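Those protein sequences? They're chains A and B, same order as listed. Reminder that position 330 of the first sequence reads as 330 in the numbering used here, one-by-one numbering, no gaps. Reminder that position 177 of the second sequence reads as 177 in the numbering used here, one-by-one numbering, no gaps.
Keep in mind that a hint or two might mislead.
Here are the simulated SDA-like cross-link-like pairs (lysine to any residue), alpha carbons at most 25 Å apart as the crow flies [said to hold, decoys possible]: (1) Lys168/B / Arg185/A; (2) Lys196/A / Lys36/B; (3) Lys305/A / Met29/B; (4) Lys176/A / Lys98/B; (5) Lys104/A / Asn8/B; (6) Lys98/B / Pro179/B; (7) Lys9/B / Lys196/A; (8) Lys330/A / Ala36/A; (9) Lys109/A / Leu27/B; (10) Lys9/B / Ala93/A; (11) Lys356/A / Ala19/B; (12) Lys168/B / Lys176/A; (13) Lys139/B / Arg15/A; (14) Lys62/B / Ile41/A; (15) Lys356/A / Arg15/A; (16) Lys109/A / Asp134/B; (17) Lys305/A / Lys9/B; (18) Lys196/A / Arg135/B; (19) Lys168/B / Arg211/B; (20) Lys36/B / Gly66/A; (21) Lys9/B / Met117/A; (22) Lys62/B / Thr43/A; (23) Lys196/A / Leu95/B; (24) Lys305/A / Leu27/B; (25) Lys139/B / Glu289/A.
Partner residues are not named here, just some residues of chain A that face chain B (Cβ under 8 Å, in silico) [stated by the list, open to error]: (26) Lys10; (27) Ser13; (28) Val17; (29) Met160; (30) Arg164; (31) Arg228; (32) Arg268; (33) Phe275; (34) His387.
The hints are simulated quantities; they were obtained by calculation from the structure and are not laboratory data. Model, not experiment: these values are computed from the prediction. Virtual Cβ for every residue (Gly too), placed ideally from N, Cα, C.
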Amino acid sequence: MAKVKSAAFKKASARAVRDEGIQHALTHVMDHFTEARAEAIATDYSDESWEAMRTRAAAIKAHTIGNLDYYLDLADRSVRRNGGHVHFADDAAAATQIVIDIAKRHGVKRAIKSKSMVSEEMGLNDALERAGIEPVETDLGEYIIQLAGETPFHIIAPAMHKTRGEVSDLFHDWLKSAPTSDIARLCSIARDALRKHFETAEMGITGANFVIAETGTVVIVTNEGNGRMTTSTPRVHVAIAGMEKLLPAIEDLPLFLRLLPRSATGQRTTSYTSFISGPRAASDEDGPEEFHLIFVDNGRLNLLKDEVLREALSCIRCGACLNHCPVYRKVGGHAYGWVYSGPIGAVVTGPMTGMKQAADLPYASTLCGACRDVCPVKIDLPKLLLHLRHRHAEGSPRDERTGTWMERLYMRRWHDAVKTRGALERSTRLGRLLQKPLVRRGKLRSLPLPLVSGWTKDRDFPALAPKPFRQIWKEGLGGDSDAG
Amino acid sequence: MPVDEHPNKAAFLQRVREALGRSEPLLHMPDHPTLKSALPRQEEKVRTVRARVEVSRARNIKRLAETATEASWYVHGPVAAEDAADVVAEIATGLRAKRVVRSSEDVFRRVNVDGALRRSGISATVLASGRSRDRSTLKALAFEADLGITGVTYAIAETGTCVVTPRKGVARLTSLAPPAYIALVEADQVLGSMDDYFALTRLAHQKSRGRVPTYVNFISGPSRTADIEQTLTIGVHGPGVVHMVLIA
Ligand code: SF4
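Please put together the full structure from these sequences, using the hints given.
So, in structure tokens, the structure goes:
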């Protein structure tokens, strides 16, 4: 599995905030996405309103996830009826082994890949290289970060943090192309480099945006055409799908094909949507002779088990919650330390990879709710983040607890102190007395207590007002007040 | 030949089931509207779709021309069938195309593309694996061509989409590998929305006892990317120039 570096979230995000290049990219690209989306959902799509579409999509995904065993079985039977192979992989290692076995059986030397987030989870490229198979990413953004040896910065714009200059340098190093600052020229350099791979690669690896259970159809949405190439020219096509990617029937698709591109890039539709139902038929002129679909768990069961977090499995990976998140817009994608970033990354990374190492992520949110408002499948991301915080604090199971005994002790005292009105009044009176020597201009500059002293290291803590609001209210709001 | 079940399937599904708080598989299909619609009901639905498509044909064609233009297709027509071939030849000449590949749908019987191209001094090759042509030759032909021409199965007004279904006589690469592409769309192929298309697809699936086309493409404009500095660039891996010829 790809390395998880989420434990370093605080350090990595501090670094990102100081990185001028990253800040520049974030400021420019994020607005571009949010504006395009706003415009796209303001125009007409069908007889259904945007809100009604979101509600219906949320219900369809919840239904599918709630009956996931049934739909996985149905999809398996449909794909096999179409002549394809279906695999069920518990974790990244198992999924990787399945891909490598297929490649070995066909004597594959080089595999072309269309964008797949699950393969990022698996760290598939590294594993293929170790097995002597050369993986070539064909989505332009993915190709750039593959050359740079990085992970995606954004779900749908993996190389958005790279400037044309950096891309030109990478192409110069790897492809010996002449340096240029012309973006169209850079695209055509990549096109020429990848075209020969399209012509000769023996295996194509893709993700799946949706898998239709009833017909056994894998749906792939792209703009560049690399998805079509990857599923057309090689002899073998392997599609890798998170087990939650299912939809019951083909007529559920129009709704999702309207929601996804509008939420992601603000397009009415992407240039290409491909529907793959098994290997080529004998009468087909071209296309892969063998088709494999791998359903991957890799920690998704931990989301499924938790009745609150289960909702996260409805995600269609549009990236809208990233684009609208004030935290993502500041720290970018790499700080989150694994494959998924932004609000959805903050939710799934812990449960999927291990709660403790991702303990900071549920706090990487202001709970402003922008993500929930834009999510095309109405995932209540703030609720899920709060739920994770609760799990971290209270620790059930116990080994998930990340708070210290002292934190819990403080919280319990705090709870006692504010529990009843009488207790609250007593403790504020006491607090006012105790804070006296520490207050400067209405602020507490440093708290002397262990643990909470960290709170005032980089910021001030508001001191208790000399006169409580309760009393000011009683005296009439316009009344004499020294609260300033 | 049925494909074997994966050895981990049963255990995998059991874990999913238990995570959902059940220990047994469901006895009945879960209640979901698009899955429950049985053959008679679907036939009824498709009759309504066809009737609607029939009466809104003119409006759909007009809408298609708009949405396709917005999606960066060059839209021509609607023109009469006998004039369509000349339109194709004009486009090909304008593109300075030398090596042209095409598919062999029925529309080419009504529209004599080969003849018109020949008059312009261009010869078109049908991209199909004939007796003497193997897989790699077909691939090479497609990658060397500078223009591909196909008919469509349907077009969708909602999204400016041509639905292309590779099969006998229709190679996948014809509409994909060359840098320029022409789609021939006949008036009775134009649908209003994606819903129309998928209603028809599901009925075909039900009627053929679960068979579906192995591959279907929605083509909605040229190949494009914005992966470098969010700057839109046309023609990465697929055709950068796409023409839609509407035939009345
Ligand atoms: S959580 Fe919602 S908004 Fe975020 S990527 Fe998933 S579907 Fe899009």
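Against the structure, the hints come out as follows:
| no. | hint | in the structure |
| --- | --- | --- |
| 1 | Lys168/B / Arg185/A | violated, 37 Å |
| 2 | Lys196/A / Lys36/B | violated, 46 Å |
| 3 | Lys305/A / Met29/B | holds, 22 Å |
| 4 | Lys176/A / Lys98/B | violated, 30 Å |
| 5 | Lys104/A / Asn8/B | holds, 21 Å |
| 6 | Lys98/B / Pro179/B | holds, 12 Å |
| 7 | Lys9/B / Lys196/A | violated, 38 Å |
| 8 | Lys330/A / Ala36/A | holds, 20 Å |
| 9 | Lys109/A / Leu27/B | violated, 45 Å |
| 10 | Lys9/B / Ala93/A | holds, 17 Å |
| 11 | Lys356/A / Ala19/B | holds, 21 Å |
| 12 | Lys168/B / Lys176/A | violated, 41 Å |
| 13 | Lys139/B / Arg15/A | violated, 48 Å |
| 14 | Lys62/B / Ile41/A | holds, 22 Å |
| 15 | Lys356/A / Arg15/A | holds, 22 Å |
| 16 | Lys109/A / Asp134/B | holds, 21 Å |
| 17 | Lys305/A / Lys9/B | holds, 19 Å |
| 18 | Lys196/A / Arg135/B | holds, 16 Å |
| 19 | Lys168/B / Arg211/B | holds, 16 Å |
| 20 | Lys36/B / Gly66/A | holds, 17 Å |
| 21 | Lys9/B / Met117/A | holds, 23 Å |
| 22 | Lys62/B / Thr43/A | holds, 18 Å |
| 23 | Lys196/A / Leu95/B | holds, 24 Å |
| 24 | Lys305/A / Leu27/B | holds, 22 Å |
| 25 | Lys139/B / Glu289/A | holds, 15 Å |
| 26 | Lys10 | violated, 29 Å |
| 27 | Ser13 | violated, 23 Å |
| 28 | Val17 | violated, 21 Å |
| 29 | Met160 | holds, 7 Å |
| 30 | Arg164 | holds, 6 Å |
| 31 | Arg228 | holds, 5 Å |
| 32 | Arg268 | holds, 6 Å |
| 33 | Phe275 | holds, 4 Å |
| 34 | His387 | violated, 17 Å |
Comparing the model with each numbered hint stated earlier shows that hints 1, 2, 4, 7, 9, 12, 13, 26, 27, 28 and 34 do not hold.
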